[in-house]
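Put chain B on the given structure of chain A with help from the hints.
Protein chains: 2
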Amino acid sequence: MTDLTPIIREKLDQAAGLLNEHRLDCWLTFVRETSQVYDPALNLILGFGLTWESALIVSRSGRKVAIVGRFDADNARRLGAYDEVIGYDQSIGDALRAQLAQINPSSIALNYSLSDSGADGLTFGMYARLTRLLAGTPYPAQFVSAEDIVRRLRERKSPRELERIRRAIDVTRQVYDELLAQPLVGMSERQVHALAGDIVARHGCGFAWERAGNPIVNAGPDSAIGHGMPGDLVIQPGQLVHFDMGLRCDGYCSDLQRMVYVRREGESEPPEEVRRAWQACWAALEAGRATLKPGALGWQVDAAARAELTRHGYPEYLHAFGHHIGQQAHDGGSVLGPQWDKYGDLPNKPIEAGSVFAIELGVMVAPYGYIGIEENVLVSEAGAEYLSAPQTQLWQQ
Amino acid sequence: MTDLTPIIREKLDQAAGLLNEHRLDCWLTFVRETSQVYDPALNLILGFGLTWESALIVSRSGRKVAIVGRFDADNARRLGAYDEVIGYDQSIGDALRAQLAQINPSSIALNYSLSDSGADGLTFGMYARLTRLLAGTPYPAQFVSAEDIVRRLRERKSPRELERIRRAIDVTRQVYDELLAQPLVGMSERQVHALAGDIVARHGCGFAWERAGNPIVNAGPDSAIGHGMPGDLVIQPGQLVHFDMGLRCDGYCSDLQRMVYVRREGESEPPEEVRRAWQACWAALEAGRATLKPGALGWQVDAAARAELTRHGYPEYLHAFGHHIGQQAHDGGSVLGPQWDKYGDLPNKPIEAGSVFAIELGVMVAPYGYIGIEENVLVSEAGAEYLSAPQTQLWQQ
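Each protein sequence line maps, in turn, to chains A and B.
Numbering-wise (this note's numbering), the first sequence opens with residue 1 and increments by one.
Numbering-wise (this note's numbering), the second sequence opens with residue 398 and increments by one.
FYI, nobody ran anything at the bench for these hints, they're computed from the structure.
Treat the hints with care, since some could be wrong.
Cβ-Cβ distance ranges computed for the label pairs, FRET-style [to be verified]: (1) B:Asp595 - A:Ser91: 37 to 43 angstroms; (2) A:Gly186 - B:Gln487: 38 to 44 angstroms; (3) B:Arg494 - A:Ala283: 35 to 41 angstroms; (4) A:Met364 - B:Asp629: 55 to 61 angstroms.
In this text the structure is predicted, and so the values were computed from the model without any measurement.
Every residue, glycine too, gets a C-beta built ideally from N, C-alpha and C.
So here's chain A without its partners, still in its complex pose:
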């Protein structure tokens, strides 16, 4: 079982620091029955589920209070991360109003965001419910979005978080090594997918997204590119085979793509079109990585990679260049992507030191298949460094 406890203690202290940095008085996470809807902030500040309406409050002074149903209170106390844990039976209202009165805030940050799914765990019903519980008080007028707090809490990885991400990446690399030691030719996508499951189970990790589409396995040009699930296509000589796999180890994720070219009889290397596309993809990835520094904006990084790829004569990729990884393979927060409507404000956020991104792009090379490359990098003042040996050469079988 994953123990997030030490990370949660770190993150709660980090949250208090962020409230000061953003001059906000308190941060209120308001949830209920988390088996139905799980606010993604909970894995940063609690690490287990709750049943009844619950309020987790961090104030600028650093004080942390949890108000939870009676039968959840013991778990919250055992966590040892909250200064006070209050259990209630019939209504959270009195305790919640009393705690807010004690803080006497002029701003109350809530988990909602138009753009950032990782900072948007408050449901519409719970927002309405909170407003009703606080009717007649000054507090509803003080609600603001906690998106900057939650985003930065997620983006600025602690040493302990980094260690877990590095381990997930290491295990993923080992799983790829074992998987691709098999001769792929003649296997179906589905068979390769099943084999990957066996290998991952032996390593004691889980999958970072739904198993049905993890790893993605694309055999040749007719396989559906994207988040599709492996099918019955059989790997043939003369095909590019594309993999996209993310693992979760101790609660933290990797997200890496890998490529194999299956030679035809008599071939000693991949066809020239394939080699040319591979080089172009790598030039584009490196062009993006070169601009990936603290303070740069996400869209600028994406634009650098995108321009390099089109300069080589390939079409633009139809997704973002990069996303954070952490507790999720898509960890929310800023996006290294174009200013498309679906990304909202996320491409305009400045990049933070301590962030870990998956950077990725690809091109279709008919009639061989899809080339996709994806690596994981850590951002520091020195730039973006690869967290594992990147796949700079196209592997061959």
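For chain B alone, kept in the frame of chain A given last:
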């Protein structure tokens, strides 16, 4: 891997029927990056995760449309449950407005609810985003809550859903049989919990809630009652040992409590106080079950059980008498509980035929420990029938 596909097709048709029943024109589920926030309605109408802003629309005519990001579209098409699947690249806006224009609704039901966590998957940020995407159209003025649709969709189990729940209950019963064939005395709560994990893994099912607190194991009177995690207390002669376990098999859950009394040397049966409390608990459970019929209100059922328990001289239990089980052990929808603020409107909802409830209550019997009983029942016009042999006798070791 769980295949929800056949159930999803049934549920989508059921949803169209519910729109007619409630005279609503369409139901819109609006989500994004479901690895961060997973709308619990998705497992009724899709069965896999989505990455970018997505709209799943069911209209009163029975037409179903999915608008999703390009790289998720293939999965939605393969499901075969939507009449049209539209993939987009930059913004969902145009396709969403066009679809709504085609339906020309006077009501658009959204997934929000003040009380029902199972019908409240729309986040506050996504509500705001939807309003912005539809600015300048008549549609935001037509938003209503989909809670009656989602609640009934969840509550009225289909034969296929019932079959899966029955299987989860059967496996749970077998796991309890194997677990309690062990001599418990001298084992710690934690050891029993670990052993349960091994047995469940052999049966190929998963746990219905977080493994850390599943099963709950309470050894004697000093163990934390509620949702606490098993600890280092060692089971002693003269103790009641209480178990609360739920499993998930093929996507559907059980939730059952079981009780063992560990005899002292020379004892041939449990102490009189324990036997008396056991009888009172059972009388109360049966009093509640007797009132559990279509059309009854949840609070009435709870009140019947509660009154019977106090009539026997025991204190009221500090929770609800019953909750739905289904895809979750706490499946949302109506609650068989008192009209406490934290339950909102849920105790006032009429009970539906085809519902499956976990019904439960308990009392502390110092100095022996906690007695908790919980059984799963199916509601039909004939009343509430047990879905597995109930534990009418306190087991002894």
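Now for the hints, and whether the structure bears them out:
{"no.": "1", "hint": "B:Asp595 - A:Ser91: 37 to 43 angstroms", "verdict": "holds, 41 angstroms"}
{"no.": "2", "hint": "A:Gly186 - B:Gln487: 38 to 44 angstroms", "verdict": "holds, 40 angstroms"}
{"no.": "3", "hint": "B:Arg494 - A:Ala283: 35 to 41 angstroms", "verdict": "holds, 40 angstroms"}
{"no.": "4", "hint": "A:Met364 - B:Asp629: 55 to 61 angstroms", "verdict": "holds, 58 angstroms"}
The structure is consistent with each of the numbered hints, conforming to all of them.
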